[in-house]
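Undergrad: Using the sequences and the hints given, assemble the complete structure.
Just so we're aligned: the sequence shown equals residues 0 to 289 in numbering that gives the first Met the number 0.
Derived from the structure by calculation, the hints contain no laboratory data.
Everything numeric in this text was worked out from a predicted model, so none of it was measured.
Ideal placement from N, C-alpha and C gives every residue a C-beta, glycine not left out.
There's no promise every hint is true.
[To be verified] Quick list of in silico lysine-lysine cross-link-like pairs, DSS-like style, CA-CA up to 30 angstroms:
{"hint": "1", "residue 1": "218", "residue 2": "32"}
{"hint": "2", "residue 1": "135", "residue 2": "75"}
{"hint": "3", "residue 1": "96", "residue 2": "218"}
{"hint": "4", "residue 1": "186", "residue 2": "13"}
{"hint": "5", "residue 1": "73", "residue 2": "223"}
{"hint": "6", "residue 1": "268", "residue 2": "186"}
{"hint": "7", "residue 1": "44", "residue 2": "135"}
{"hint": "8", "residue 1": "249", "residue 2": "33"}
{"hint": "9", "residue 1": "33", "residue 2": "218"}
[As the list claims (entries may be wrong)] DEER-style ranges, computed between Cβ atoms:
{"hint": "10", "residue 1": "281", "residue 2": "146", "range": "12 to 22 angstroms"}
{"hint": "11", "residue 1": "261", "residue 2": "24", "range": "19 to 29 angstroms"}
{"hint": "12", "residue 1": "222", "residue 2": "280", "range": "15 to 25 angstroms"}
{"hint": "13", "residue 1": "166", "residue 2": "98", "range": "17 to 27 angstroms"}
{"hint": "14", "residue 1": "168", "residue 2": "98", "range": "14 to 24 angstroms"}
{"hint": "15", "residue 1": "258", "residue 2": "205", "range": "17 to 27 angstroms"}
{"hint": "16", "residue 1": "200", "residue 2": "258", "range": "13 to 23 angstroms"}
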Amino acid sequence: MSGNALELIDPQRKSLVFKVYAFEDDAYFSSLKKYNYFSVILVTKGKGMVTADLSQYPFDGACLICFSLYQPFKIKSEGVFQGVMVNFHPDFFCLHKHRNEVSCNGVLFNNIYDSPVTALAKDETELLLSTINGLKLELQSTGIAQTEVLISYLKILLINGSRIKLFQQQTEDASITKTPVILDTLKNAIEEHFSSLHSAGEYADLLNISTAALNRVCKTHFNKTLSHLISDRIIIEAKRQLYLTDKPVKQIAYELGFNDEFYFSRFFKNHVAISPQFFRDTIGFNQANA
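TA: In structure tokens form, the structure reads like this:
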């Protein structure tokens, strides 16, 4: 560990599996980050802009910002920027394996339709901060069953973060400004057909709407183009298959609608900045039930 960072290293792999890092400015986040672990960033003070993938999201005040495996992001603040970041490798805590205990995958992580930023009230900030302080104290101790205690605190952090975000989503859904029905139909269509329909035009035809009109409503409500949404959904499934199964890359490519393994590899590298094989090599392999 060094400076404001507390780290846990896997003694066998000699690699980082868990980290808590306190920050006082945006220097660490001003360049593009791509981690082979999940990131949970609790901002206690700050205002600025988050860039995630190809989209930008503003924040103003305390908030929770979450990023998935190898999701490119950077943060630029306007003045004061303070908080703490928690990183965990899937070998330390597998979201897929623990999905019934911690329903955060699709809420805090791998949610292609919502902002990665969740605004926090004072009591919510204090709740999450107290849990992170528990993580920090445990990392500084040398007690028995340290990993089990850290995982318990991490579960609490993820559960409470998910509860806060879900409550906000439910409140927004009940407000006057509702999401157009066409977008709920689109989300269902993407979930059903992402492995066979890859172009914006195909979804526009399916929904009987022009591609331009569908793109406009996507940009307005999701801050992404339709093509971006489709690509993100394919990448999420590709990552899941690479981590949870031992299927050859060629088979994964075929199941995701790519007839050419090399085209799939280029597609993956274009969006994740690394090859499918490198992703599998650095994330590890966990044969949890998919």
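Undergrad: Provide an ascending list of the numbers of those earlier hints which the structure does not satisfy.
TA: The structure conflicts with hints 3, 4, 11 and 12, although it agrees with all the remaining ones.
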